[in-house]
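Go by the hints and put chain B onto chain A.
Number of protein chains: 2
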Amino acid sequence: MTNKRVSYSHLQNFIQTAMLALGLPPKDAQTVANYMADADLQGSDGHGVIRLPQYARRILAGGVNTNPNITIESERAATALVNGDNAMGHVVMKFATELAIAKARQSGMAWVGSRLSNHAGPASLYSRMALEHDMVGMYFAVGNANHLPAWGGLDMLLSTNPISVAVPTHLEPPIVLDMATTVAAYGKVKAKAQKGEMMPEGWMIDFEGNPLLDPKRSEEGFLLPIGGYKGYGLSLIVGILAGTLNSAAMGKSVIDFNHDDSSVTNTGQAIAIIDPAAFGDPTAFKERVDQLIRELKASKKMKGVEQIWLPGEQSHLKREEHSRLGIPISAGLEEQLRLVAEKLEIHKIQLQ
Amino acid sequence: MTNKRVSYSHLQNFIQTAMLALGLPPKDAQTVANYMADADLQGSDGHGVIRLPQYARRILAGGVNTNPNITIESERAATALVNGDNAMGHVVMKFATELAIAKARQSGMAWVGSRLSNHAGPASLYSRMALEHDMVGMYFAVGNANHLPAWGGLDMLLSTNPISVAVPTHLEPPIVLDMATTVAAYGKVKAKAQKGEMMPEGWMIDFEGNPLLDPKRSEEGFLLPIGGYKGYGLSLIVGILAGTLNSAAMGKSVIDFNHDDSSVTNTGQAIAIIDPAAFGDPTAFKERVDQLIRELKASKKMKGVEQIWLPGEQSHLKREEHSRLGIPISAGLEEQLRLVAEKLEIHKIQLQ
Chain A
11 MTNKRVSYSH
21 LQNFIQTAML
31 ALGLPPKDAQ
41 TVANYMADAD
51 LQGSDGHGVI
61 RLPQYARRIL
71 AGGVNTNPNI
81 TIESERAATA
91 LVNGDNAMGH
101 VVMKFATELA
111 IAKARQSGMA
121 WVGSRLSNHA
131 GPASLYSRMA
141 LEHDMVGMYF
151 AVGNANHLPA
161 WGGLDMLLST
171 NPISVAVPTH
181 LEPPIVLDMA
191 TTVAAYGKVK
201 AKAQKGEMMP
211 EGWMIDFEGN
221 PLLDPKRSEE
231 GFLLPIGGYK
241 GYGLSLIVGI
251 LAGTLNSAAM
261 GKSVIDFNHD
271 DSSVTNTGQA
281 IAIIDPAAFG
291 DPTAFKERVD
301 QLIRELKASK
311 KMKGVEQIWL
321 PGEQSHLKRE
331 EHSRLGIPIS
341 AGLEEQLRLV
351 AEKLEIHKIQ
361 LQ
Chain B
11 MTNKRVSYSH
21 LQNFIQTAML
31 ALGLPPKDAQ
41 TVANYMADAD
51 LQGSDGHGVI
61 RLPQYARRIL
71 AGGVNTNPNI
81 TIESERAATA
91 LVNGDNAMGH
101 VVMKFATELA
111 IAKARQSGMA
121 WVGSRLSNHA
131 GPASLYSRMA
141 LEHDMVGMYF
151 AVGNANHLPA
161 WGGLDMLLST
171 NPISVAVPTH
181 LEPPIVLDMA
191 TTVAAYGKVK
201 AKAQKGEMMP
211 EGWMIDFEGN
221 PLLDPKRSEE
231 GFLLPIGGYK
241 GYGLSLIVGI
251 LAGTLNSAAM
261 GKSVIDFNHD
271 DSSVTNTGQA
281 IAIIDPAAFG
291 DPTAFKERVD
301 QLIRELKASK
311 KMKGVEQIWL
321 PGEQSHLKRE
331 EHSRLGIPIS
341 AGLEEQLRLV
351 AEKLEIHKIQ
361 LQ
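Quick note, the sequences are listed as chains A and B, same order. Quick note on our numbering: the first sequence kicks off at 11 and runs consecutively. Quick note on our numbering: the second sequence kicks off at 11 and runs consecutively.
In short, the hints are calculated from the structure, not lab data.
Because identical chains cannot be distinguished in the list, a pair is counted as satisfied if it fits within a single copy or across any two copies.
Pairs of lysine to any residue, SDA-like flavour, derived with a Cα cap of 20 angstroms: (1) K311 with G162; (2) K200 with G231; (3) K310 with Y239; (4) K353 with R67; (5) K310 with G219; (6) K310 with S263; (7) K353 with N23; (8) K307 with G162; (9) K307 with L164.
Chain A with its partners taken away, still in its complex shape (with noise of 0.2 angstroms):
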């Protein structure tokens, strides 16, 4: 089945008009439709319009502040610890990225942290803020629920904790790393169950160690970290820099935003950037790695392959098209959309 689309200006204004009508003030509710169409746009249809019906759940059982008062708690040149309010995610991380952009501009790198914050959607929609500024954008998030133990563990007592690194190109299109350090980010677990579909082996294993392939017994098993216990030691250090350095959740401390709408999650990110006009001309820079992205691609190639992708091209390409011909909304989504907008009082999604 074909799924009906939706115009990126059109979903939009809906989410906007959700935003609004749950109480966000209007800057607010357009930062937030920006970002979430935004990642929608790019194919990251695990952190996109599919979370309205948990963030607006969230708002109306009082989860998330939407009045806040956005601080900076310490500050010094190339570093800042963002205190959220408990506001939406999304607006948090673009206070943190545009305060970490602008210490980089004076200093060459900036560290900008942030608690109290929520889940704020793909990682890459705040390493990518860096793009434009010809700068490198680092990203590093505590995920909003624990799926995964330490290495040899049962005790749930680590999340997803993705990193994302946007570097900027000359001619070529920027290479934008996003990842879980776990096989699977929990969000294509999700989409997976929207879908119907079952997940592929590896994605994760039972607590017996078995593997686990139907997305809607989630809750009886954990997602696998990449690399067996590098992929552990990484998810970990992304949660030390981005919680525990920030005096937000980690470990035992983080709330399952899954199965809690009301307490606050006290969520912690990471924003890095770097300019590279600190380290010679920005522009060789960028045709250095038009260079190495060329020779990648012009790599011989693994039979059967056809051919050699770079982190960031798919979404790059989905952007695209999705700017074409619209964003695909599934049936169940848009049944989900059209429940959320009954309850708000708003009008439905129109799709194509």
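Chain B only, in chain A's frame:
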């Protein structure tokens, strides 16, 4: 067969004598010897004295500058680009890391890159330098030989490009992640060959995609990245941050130092330091890390698992064991070191 052992101070002295004989100034000979012996002390046996024959060969072939003038090429409050003048990598990275720590103390965070550097041993040597200042250290490097293609490709354009992150603690041993972005580091392949052992499945495949198990046949295939395409992405990003950004070698321009003793490698590295004091009370941070460690270690375990390990914990125990009992040296390595000593006309290494 039990290996013979050598004390740390004797090993350090042996290497220092060799480096002096190779023409390094006394201070640099001491630096290189300290770091190389530290590598063996913590069990990084692919990166310690095992590299001495190769380093000696490169220095004698004119591939390394023994009387370098290491300079800062460009600098801002939180960044610097260090020109290593083709010195031994250990000397360059000591300089870069000390600079980064001083800058982080002022600016809260610092990122220092190197170019015209060389192989510097295990990544954790430099991230760990942050610990005595109660800071977080992060190290990234471009490996000195390409053993990894793009995902789906066959041309060797990427290296094992390691990541190390060291996190200070209050009472627990520090957390020190030190990992290649491949399933196995190439140093581990070399160590297997040295010991005459086979590699486990999953470390390497041949050009047709079949498992490659004999480390002596390592030229007939390539290393596998962790998590498939994700590890490819991580290796690429580390290479861009440590190499391309610093105008150092990356991609096709990487010199394979296993087959070329005389070309300038133009190795790139990056050290990033965060001062937790810029984000709140540093002791409270270290106590939060301790608590996280205890949560992870107290976790319920999978059947058959005796203990949950933290990243760096096994190296920590190795460091204690080797300090007490000495550092194991295999018969094969002893013979190689005997040949180096003969060539340089210095005393032999004395084993217990």
